[in-house]
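Novice: Now for the letters of each chain:
There are 2 protein chains.
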Amino acid sequence: MIKYAILGFGVVGGGLAEVMADQSEKLSAAAGQPLALGHILVRHDYPDSPWRSYMTQDFSVIENDPEVAVVAEVIGGVGAAYDYSRRAILAGKSVVSSNKQLVAVHGAELAALAREHGVSYLFEGSVGGGIPLLRPLCRCLSANRIDEVYGIVNGTTNYILTAMDAQGQDFAQALKKAQELGYAEADPTADVEGIDACRKTAILADLSFGWNVDPDAIPTTGITKVAPADLELARALGYTVKLLGRAARTENGCCAFVEPHLVPLGHILASVNGVMNACAVRGSAVGEVVFCGPGAGAHPTASAVAADIADAVRHMADPMVPDLGRPGGKLAPAEELPSPWYVRAEADPEAVKALFPEAEPVYGTSRECGFITRPMPRRELETLAAAVGGRAFWRVLA
Amino acid sequence: MIKYAILGFGVVGGGLAEVMADQSEKLSAAAGQPLALGHILVRHDYPDSPWRSYMTQDFSVIENDPEVAVVAEVIGGVGAAYDYSRRAILAGKSVVSSNKQLVAVHGAELAALAREHGVSYLFEGSVGGGIPLLRPLCRCLSANRIDEVYGIVNGTTNYILTAMDAQGQDFAQALKKAQELGYAEADPTADVEGIDACRKTAILADLSFGWNVDPDAIPTTGITKVAPADLELARALGYTVKLLGRAARTENGCCAFVEPHLVPLGHILASVNGVMNACAVRGSAVGEVVFCGPGAGAHPTASAVAADIADAVRHMADPMVPDLGRPGGKLAPAEELPSPWYVRAEADPEAVKALFPEAEPVYGTSRECGFITRPMPRRELETLAAAVGGRAFWRVLA
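Chains as they are written, first to last, in the numbering used here: chain A, 1 to 398; chain B, 399 to 796.
Hints in this document: simulated from the structure, not taken from any laboratory. This structure is a prediction, so every number in the text was calculated from the model and none was measured. Mixed in with the good hints, there may be bad ones.
[What the hints assert, rightly or not] With a cut-off of at most 30 Å between alpha-carbon atoms, the simulated DSSO-like pairs for lysine-lysine come out as follows:
| id | chain 1 | residue 1 | chain 2 | residue 2 |
| --- | --- | --- | --- | --- |
| 1 | B | 623 | B | 751 |
| 2 | B | 751 | A | 26 |
| 3 | A | 330 | B | 424 |
[As the list claims (entries may be wrong)] Negatives, chain B to chain A, calculated, CB over 12 Å:
| id | residue |
| --- | --- |
| 4 | 401 |
| 5 | 528 |
| 6 | 532 |
| 7 | 533 |
| 8 | 542 |
| 9 | 570 |
| 10 | 617 |
| 11 | 712 |
| 12 | 780 |
| 13 | 794 |
[Said to hold, decoys possible] Derived coverage of chain A by chain B (criterion: at least 3 residues anywhere in the stretch with Cβ under 8 Å from a Cβ of chain B; other residues may be distant):
| id | region |
| --- | --- |
| 14 | 18–29 |
| 15 | 123–132 |
| 16 | 263–273 |
| 17 | 280–286 |
| 18 | 299–305 |
Every residue, glycine too, gets a C-beta built ideally from N, C-alpha and C.
Put together the whole structure using the sequences plus the hints.
Specialist: In structure tokens form, the structure reads like this:
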């Protein structure tokens, strides 16, 4: 009998307690021995909760309980979550987490500490929510040099872009609807500005490149400037708009960035709508594989965290710590990565043809047109687009 | 230093030797210790092969080499492959395999033998080729009751259906082209009649239901009767045609079947074209996740087998044997599973409306029409479809 503790009783913490109870037999089989809930760390009393007898407001109760072998950190943020994760590892307990901010910022440090103390540090739920993604990337694709990872890693922005595309709403309307449905927070900044996607992209880059990427070094553009006209023109051109996080090996080195992209309508990612997430992995042996599913939510995220708990227990004699890379790597500048571009311009057709002979502009309802360029780096595109009255431009997924 | 042996030097065997050499450092890290090629079992001499010094035509050389800890069986079929797999396990060696026929027919027996002898038996490459699928299903989704697994698990038939859809070819033309490109074998029976998909569906059902499914008990319909008119009418109705293997828990018990389906054009599986494979998994906690990628080919399949070799070595002290289920389970009859149906009929519109008031028939170029019914079991559909001159009917993925 091995005990686990849950830190935090928000959406994911509550879902985790339920999922662990619902599938206790199957999880115990996966763990190789029976699992039992030890404690739930809460910030206030839940008088009506069925888990009340397990609840404590004092982390040291968990820290000092020798029967607790695994701690699931589902608090979020980099304050208490960081402190408790460190203390749990120092106390000889494995830590599993769905906290992308903590993993992106302090993950490599916590991983090193876990290795030093002979415990597991797992974080499958930190990227892609319930989608099995990090373990497949690290374990199932171990025969591959990872050349690129890219995907839709934020459900809020994908919901907003899907609504803008399907219903012709503008950004503000779609955001308001997302907030009403609970898909966006009251302060939506971290989602709509791409900050959440940036953290997840950093984790994917860490696992793919072998060195630890500072999320602050990843150029990040959110979706606030995507206009209904872009979605309309994109569709006329045979594309839809998705916010992609990308991490790729290029001729100039590894680069990573987050920005809206035009995705061809026949591409699998174009079918990933609403709050769904999807991530593609390009490997030297396998070619390209894609993982799709719910990127957030109580039970999906709990599904990932619960499997990590079982795996941590299964590997107590041989701890699992994914390699988040060594420090000191430097990202190659993303703006030099050539790419075809979509341009929306108040354009004179002759001027477009002169500068972009490959383009076949499509006109929207206003005097604006949209077109796709040949591959070029961002600087070249900016100069050319300015010359034809470019109002917006986004990368095109080739 | 741990040695592995490769049984078979066909497409996958050759790819495996290459991938193991190409990524030896990464694979050794995943295995926890250096890996080295011990032997390759071949049926005839390869005088010009760079691997010639490793080749043997005598399995007992491998069987009796105490340094060989893992044997990769990539021979195929259930003859020598079965014999060598058994003997390797009896000799205390882990076995990894991409042989779907062997795993579907004798997998549970070999798994039991492996457990008895304290070695791993892994077969990630047997379903979905290079797509990480079985390990995610068994390990990452251990917090889920698996309610359904369904997908495109045969690349040959998907190539043919894609060609029929995109180029308006009939089955015979598309098959011929697939044979020219090496996507279909000279005797295409196992692919086009759904037998290969059936074996993979059996493995997915084994892993999902907890009991071992006899592939011969899975009702299987291939794609030879899918007509160009079906693809044309399907598209007019907003669908495409895919051969799906499905294994699902229903009110009447677990059922499994392989047959062509109409898939809505917005569904992720509709974007999975050519020789690509994709598999969706519906779990109690996660909801639905989808895994896509190359379902066959030398390097993709080798990617899966190589990761299994590394994992088998990593787990020598704690062997990995996925649960292929206990014997004796009985599939519920698939024909009772209600489903909406697509019907192609030489139809009198009034007669269609009378029997299928929910249908909105779409007419093709001839006097044939296609329509989608309300959900009903197969028997009811057959009776009703006969009454309106039904010429073909396929399930619709709801």
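Novice: Indicate, hint by hint, whether the structure satisfies it.
Specialist: Hints and how they fare:
1. 623/B with 751/B: Given that 30 Å is the threshold and the Cα spacing comes to 26 Å, the pair holds.
2. 751/B with 26/A: With Cα atoms ~49 Å apart, residue 751/B and residue 26/A exceed 30 Å; violated.
3. 330/A with 424/B: Roughly 22 Å between the alpha carbons, so the hint for residue 330/A and residue 424/B holds.
4. 401: The claim holds: residue 401/B sits with its nearest Cβ about 17 Å from chain A, beyond 12 Å.
5. 528: 4 Å, violated
6. 532: About 9 Å separates residue 532/B from the closest Cβ of chain A, which leaves it inside 12 Å; violated.
7. 533: Residue 533/B is in fact no farther than 12 Å from some Cβ atom of chain A, at 5 Å.
8. 542: 6 Å, violated
9. 570: 26 Å, holds
10. 617: Its Cβ never comes within 12 Å of chain A, the nearest being 28 Å, so this holds.
11. 712: It is violated; residue 712/B is separated from chain A by about 7 Å at its closest Cβ, not greater than 12 Å.
12. 780: With a cut-off of 12 Å, residue 780/B remains clear of chain A, as the shortest Cβ separation is near 32 Å.
13. 794: Non-interface label on residue 794/B holds, nearest chain A Cβ at 17 Å vs cutoff 12 Å.
14. 18–29: holds (count 7)
15. 123–132: holds (count 4)
16. 263–273: holds (count 7)
17. 280–286: holds (count 4)
18. 299–305: That given contact holds, which follows from 5 residues of the region 299–305 of chain A lying within Cβ reach (below 8 Å) of chain B.
Checked against the numbered hints given earlier, the structure breaks hints 2, 5, 6, 7, 8 and 11 and satisfies all the rest.
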